[in-house]
Every structure is written in C-alpha cells, then in structure tokens.
Amino acid sequence: MKVLSRINSQSTFITSLLSILLGMLIGAIMMVVAGYDPIAAYNALFVSALVQPYDLGETLRTITPLILTGLAVALAFRTGLFNIGVEGQFIVGQLVAIIVGLKLNLPPVLHAVVAVIAGGLAGAVWGLVPGLLKATRGVHEVIISIMMNFIALYLSNALVFHWMSNGADSTPKIMDSASLRIDAVSQMFGGARLHFGLILAILAAFVMYVLVWRTRLGYELRAVGHNPLAAEYAGMSVKRNIILSMMFSGTFAGLAGAGEALGTSGYLAIQPAFTGIGFDGIAVALLGASTPLGVVLASVLFGILTYGGGNMQFEAGVPFEVIRVVFAAIILFVAANVTGRLLGKFSRNKGGDKRA
Amino acid sequence: MNVVEMLGITKRFPGIVANDQIHLTVKKGEIHALLGENGAGKSTLMNILFGLYQPDEGEIRIKEQPVTITGPTMANKLGIGMVHQHFMLVQPFTVTENIILGDERSKLGIIDVKKAESEIRRLSERYNLKVDPTAKISDISVGMQQRVEILKTLYRGADILIFDEPTAVLTPQEINELMEIMRNLVKEGKTIIFITHKLKEIMSTCDRVTVIRRGKVIKTVDVQDTDENQLAALMVGREVSFEIEKAEANPSQTVLDIANLVVEDNRGVEVVRGLNMQVRAGEVVGLAGVDGNGQTELIEAITGLRPVKGGVIRLGGHDVTNASPRKVTEAGVGHIPEDRHKRGLVLDFSVSENMVLQTYYQEPFSKNGLIQKDEVDKYAERLISEFDVRTPDKHVPIRALSGGNQQKAIIAREVDRNPDFLIAAQPTRGLDVGAIEFIHRRIIEQRDNGKAVLLVSLELDEVLKLSDRVAVIYEGKIVGWVDPKNTSEEELGLLMAGSVKQQEVKAE
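From first to last, the protein sequence lines are chains L and D.
Residues in the first sequence are numbered consecutively from 1, following the working numbering.
Residues in the second sequence are numbered consecutively from 357, following the working numbering.
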C-alpha cells in the first residue's frame, strides 16, 4: 500500500504525459526492431480510432468501462485498499444485469434502471466479501479479491451454460426494454455500440470526487486510508470504513459490467478467461494518479490505444500485442517514476540540488 | 590535533541555504556537541561529513588531510561512523549478524561467524557495552539496539563517531548509561560528534559545543565556560525561560477517577494491574515512570482505544469504562497522543483537515453529510494564528511542518475544544526549547482555566516542573505520590525503579 500511495503522490500531469510518450517510444522501438514502420502504425492507430464517426463511437464505447473500473481501483487506493478484485466485481455486475435484463419483465427505462442498479449492487456485494474479511478477520484484501475473481468467472460461466442458454455458449439477447443503447445516438455514430453507460461513467467520476473530497464520509475514508490509527483516535470506525470503501469500489466495477452487458453486447457469453477490463482499471488508476479527472483522461488514452490498436493490426499489419507492450511500458514508467527522476536530474543540472 | 575540519561549508537546497559558510573543527578525543533547533542544519552538515551530500562550497579535512567524501563507504574508510537516530537493524538477525552485515569477512564464501562473534565480544567488553553478540535484535531493548549500532561503527574501525540525536528514543536510565559509554569511548581515544538539542546532556557530557542557527554557526564555546541559559539563548536567538511561572494550584472537584483498573497489552499480558488515581479540576497531575510500565496502555484505556479488563473509569461522575473513543472525546477529554505521527495526525492531510480531526462531523464543519471547506479553513486559520503554528499555508500537507509546529497544531486542536480533562502524553518529545516553552505555557494555562490535566512524560524535569502532584507508576500500579516541590529526581528515580532493592538488581 505504501508503494501505491507513493506512486499516487509523485505522479503529476507532466510526469504522466512524459511516461505516455516514453511508453509509445518503447513501442516504436519494438516495431522498428520487428521490421514495422512505427510512424505508419501510430498514424493508423489514431486515425482509425478517431476520424470516422463509427470508430469514434466504438472508441467511446471502449473508454466507458475503463473509466468505471479505473474509478473502482482509484477509490480503493485513496482509502488505503488495493482492490484487485475489480475484474470479478465487473463480471458479477455483467451477470446480474443480464439476469435482470432477461428474466424480469418491466417497462422500458425502468427495466434498464433496475438492471443497472442490480449490476452495481452485485459488484458491491462482491466487494463486500473481501472488505468484511479484512475488517473482521484481518485477511489481506488482495488475496480474497483475487479468489473472488475466479469464483465470479466460473459462477458466471456455469449459470450461462446451465440456466440461461440451454447448453449454448451464450445467453439470448436481453429484452429491448433493458438495453442501454440509444438508437438515435448509435445511428449518429454509424451504428457504433456506444451506449448510455458513458454518461453513467462520467457521472460516476463526479460522484467519486464529491464522495471522497467533499463529504464527511469521504473525509473518514481518506483518514482511514492514510492513517488508521489516527482515524481510530479521532473516533472513526476503521472497520466500517474499510467495508464501505470496498463496497463503493465494487459498485463502480459492477456498473462497468452492467454497462458492458446492457449496452455493448446485450447478452453474456461463456468466457474462457478474464476480460481484462477490470485489470486495466488498475493501470488506468495508476496513470490517472487515482483522481477522478486523471482516471477519465487515462481511460481516454487507453481506450484509444485499445480500439485503435485493433485497427492498426489490419491497416498497418502491426500485431495488437505491441499496444499491450506500450500499455505495460507506460505503467512501468509511471510506477517507477522514471520521468520524475529524469525531470529531477534535469532541474538539478540546471540549478541547485534536490533533497534526496 | 583536529581530526575533523569543515571549512566554509555551504549547502543549498531549492529555496533555502541549509548550511551557510559553516566552520566546524573537532579535536581528537573530545565530545563535541552540535546544538541547534530542528531544521537548523545540523543533520545536513553531518550528512555532508558522512558523504551522503556533497557540499556546494567549502573544504573538509580529516586528520589534517583534505578529502572529498563521496559516500558512506568512503566515510567508513576515513574512520567516520554514524549512529543513526532510527536504527538500521534486521530484527530477526542476531547482534553479530547485524554487525557484520555489509562487511562480511569471508573465506571462500564462508563467513566465520565465531570469529566475528569473539571480535564483537572483545569490543563490547573493551568499551563496556554489555552486548550479547548471540542475542536476537527483536529480543533486546531499544537501548541495547543502540549499542549494537555503536558496535557496528567500532567493528568497521571508526574512530570518529557521529551520534544523531541518540537520546530521543531512550529512557532516563538508558540516557545515563549512554553518557557513560560516550565518556568511555573518548577515554579510549575515540572522538565523538553529538547532535542534540538537549542542553542538559551537553552540560553533563560534552567538552565543546558548536551552536548552529538557521544554517549558520553562531558560536563554538567550551562547555565549562557556559551554562544552559546561554546555550538556549544562542540556539533560539532570544532569551528562553526555563522556569515556568505558575501560581499555586487551586484544585476543586474530581474529574478523572480511576479505580482498580486492569488493562492488557497487545500480547495479552496485564500491564495495568489494579491502578487507582484521581485528577482534580485545576491541577496538573504528572505521571512519572520508566517507559513500558503501563503508561501507554493506561492512556489508551482512558481514551477508549484499548479495552478495559477490570475496574472503573469515571469522568466527571459518568462511567466511561470501555466507552468508544468518540464517546470519551465528547465527554470532554482532550488527548495529545504520545506519538504524534502514529495517532495524532494524518500526515497526508492538510493542516486544515488535521485541525478538525476530532470535530469534522459536527456543525459547522459538516452539514448534511458534506464537509464545509470554508468553515474548516476559517477555523484552521484562527488556530494557526492563535497557536503560532508556522506553516506556509493551511493547505499544505501537515507532513511538511517541523515537529514543533505539528505538535502545536495538535495542541491547538485539542485545547480549543475546551475539554474538562486534558491528557498530554510526551507533549514535548523531540522538540526544541522554543517549542517546549510554548507548550508548557499552554498546559499551565489549561490548569489555570480550571481544567484537569494528566501529564505523562519520560522527561523527569518536565514532570517536576509542570505538575502539582506526581504519581509514580511502576509495573502497572501507582506506587507513590510525591510533591514535586519536595522531591528530587533521585527520589523519583528510586520510586520509578520499584524500590531501592530492585534498582540494585536491575543495575547488574
């Protein structure tokens, strides 16, 4: 945890930006070594992610769940917890939203609202388990939440296979009344699958800001995160705050899952492995210094890289894996504060020494 | 012979000159004190001598040879050793393993631990350190661990030893023993540089003292030609009063009433064992005792931070046994915790946010579940000016403030709530004389306003100076009450050790 808060405190807008550039430079070097043209590749990436309305819509669709999972990780970071279970909370969010979308019969809008709320609650429950175990039994949240990821994945697959699909590998489509897609908007973007979840994600960023930095509860959450002993001294319940923090975090992740299920796909398939959207939330939170605005910006970047990276494969023939390398390099630069050090050296050479 | 000469040393950090043309000469075989307030530049100077920083200007001569000290390894080679304030020891390792760590003398990759052990035993006996080379660090006391740090430097052949505020972590007894060790070391031809801001230790042990203020050398004086008052004035830059002017106490009704209190420590051992005490409104009761006799657990039990196993705690007539920390706070208790970083502050919170740590949930700081930032800031501004908390801004993380100013912030927060009962635990630990004076005055002010004050301190002279009555705690019980006007540190010391007889046993 100390390491994480150190990373948060040392990231600034400038160091993040430089880390991104350095990460892309590493990707470029890899491409050159492998015999590809990096300029053409990056050009293809950005053009294909942003220029055509359909692509722009799809990029926004890719960004949507990243914002929410990024917020989930960031909120936990801010309160001294490492929620590595965002992936699992995302999956149960998907699962429950799909169940509500399939099995309940409600009027339009209300159906979607209920399904989204149910997905968020499912995520909260999935976050509650590690929170409760940490608060009452002192078990490390990382261990429990990793295990909860596997439970979520296989529970979801089992339910889809045995209950919701009659032996097929995916569920039928949800009822239209539960869909988050807005047809008019989709058509504006050439039929892209962007959906109402984007608004939800941006609202969630705002909610996180208000919750953490403006409310009494947020004051407590941060105090517990920074110094549980002082929080106890100040009469706060450390246990209650740990549990609440994990539940809020899980809610964001569950909403991300609900958005994907009700907006992007409309059905749930058996997944051979984790989607990675939850884990990408960790990267997003790190790059965004665990601030809501930072998370949104980092999601935009990762969303562009992810979606554009897929197209780059077709247009420039560069394998998508290169983009994952760029991701990893960016995160390494942020985590190791490479750019911070470089900047420090630079200013040292220009004038006075910097305190070690 | 001058073993250390630092000539015209200047070191700049962005925004400040930490050392400004500093001259320091240390003669062979002396204990040379480096005296200055927190942040005066003592540590920077010693880090330069130990090779951790490079000076921007100036020259260093060791044993009359000009040198450039590039790092701690180089410093070690020149015979300079540093005993850090925060020990750098591996807890599960033995004393010997810790000492040879980083300087393992091996043959064909095999370390001859037995040989190292006997070498360490020899050193320990020669300097009368009484360290068992086979003991595990986790099993020995803080004082012993410090001696291991000393041995580490001796094992590496140091003859110039830098002690960085070594007494901050020690009990009065351990401090006396350390002073004795330091005298032994110089007798054997070592030279010691002693960083401190405790005047008494300088007067009792040192030969010369160099006073540093705001990065500049104010004066180097022979200890025999000076006194505590002069040194304090040199250090702070103005006259400092050591005597606290206080009127006779005028105690009235009982505020805190503890009967047969039993409390366990983290291991489940009873460390408060049937304790009885009362504190009345309008008096300061000092709690004197050797560290680890149940003081910490007593305070935690009173403030609701630790469960009570037996007995009753009453505050103003109400039973608060096993009440939650918030209930206790709301019952009118102010608590200056013994470790300000551990409990007293959220270091990453701003000064403002820390000022409302106990009251953030009340109006006007919270309304409808929202923190009222403007109200918090307004309140913080008032406390900052009333309690003279020196901070560049109310929004900087409180981590950035000096220890004295952090402590002032805590005192402001706790006193301003106007509690009927104030617990001040180690209120001046690690602070310089200027801050100590301020804090002492505030404590007496509380008493004069008719509040009950419980002062817990390991500094005996602080207890004697501030208290109207002194309770001595030993093995979890109050073993005696003394009148601070009619007692001496010696008498207190005996009580603190349980009895005369037990003290003899302990000294062996």
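Please note that a few of the clues may not be correct.
[Unchecked claim] Dumping the calculated DSS-like pairs for lysine-lysine here, alpha-carbon to alpha-carbon at most 25 Å:
{"id": "1", "chain 1": "L", "residue 1": "Lys239", "chain 2": "D", "residue 2": "Lys665"}
{"id": "2", "chain 1": "L", "residue 1": "Lys239", "chain 2": "D", "residue 2": "Lys602"}
{"id": "3", "chain 1": "L", "residue 1": "Lys239", "chain 2": "D", "residue 2": "Lys723"}
[To be verified] Partial chain L-side listing against chain D, Cβ under 10 Å, derived:
{"id": "4", "residue": "Ala158"}
{"id": "5", "residue": "Asp183"}
{"id": "6", "residue": "Arg222"}
{"id": "7", "residue": "Ala223"}
{"id": "8", "residue": "Asn227"}
{"id": "9", "residue": "Tyr233"}
[What the hints assert, rightly or not] To be clear about the criterion: a stretch of chain D counts as covered by chain L if any three or more of its residues have a C-beta under 8 Å from a C-beta of chain L, and this derived list gives those stretches:
{"id": "10", "region": "687-699"}
{"id": "11", "region": "847-853"}
It should be emphasised that the hints constitute simulated quantities derived from the structure, not laboratory data.
Note that the Cβ used here is the ideal one computed from N, Cα and C, for glycine as well.
Status of each hint after checking the structure:
1. Simply put, L:Lys239 and D:Lys665 have alpha-carbon atoms about 22 Å apart, close enough for the 25 Å limit, and the pair holds.
2. Under the criterion of a C-alpha separation no larger than 25 Å, the hint pairing L:Lys239 with D:Lys602 is inconsistent with the structure, at around 45 Å.
3. This hinted pair checks out: L:Lys239 and D:Lys723 have alpha carbons roughly 24 Å apart, not beyond 25 Å.
4. A distance limit of 10 Å between C-beta atoms decides the matter here; for L:Ala158 the minimum to chain D is near 41 Å, and the interface restraint is violated.
5. The interface hint given for L:Asp183 is violated, since its Cβ lies 39 Å from the closest Cβ of chain D, which is over the 10 Å cut-off.
6. A least Cβ separation of about 7 Å between L:Arg222 and chain D falls short of the 10 Å threshold, and the interface hint therefore holds.
7. Interface restraint check: L:Ala223 against chain D, minimum CB-CB distance 5 Å, threshold 10 Å, status holds.
8. The closest approach between the C-beta of L:Asn227 and any C-beta of chain D is roughly 5 Å, which is under the 10 Å cut-off, so the hint is satisfied.
9. With 10 Å as the threshold, the beta carbon of L:Tyr233 comes within range of chain D, its nearest partner Cβ sitting at about 4 Å, so the hint holds.
10. Proximity of the region 687-699 of chain D to chain L, defined as three or more residues with a beta carbon under 8 Å from a beta carbon of that chain, is established by the 4 residues found.
11. Coverage of the region 847-853 of chain D by chain L is violated in this model, with 0 residues showing a Cβ closer than 8 Å to a Cβ of that chain against a need of three.
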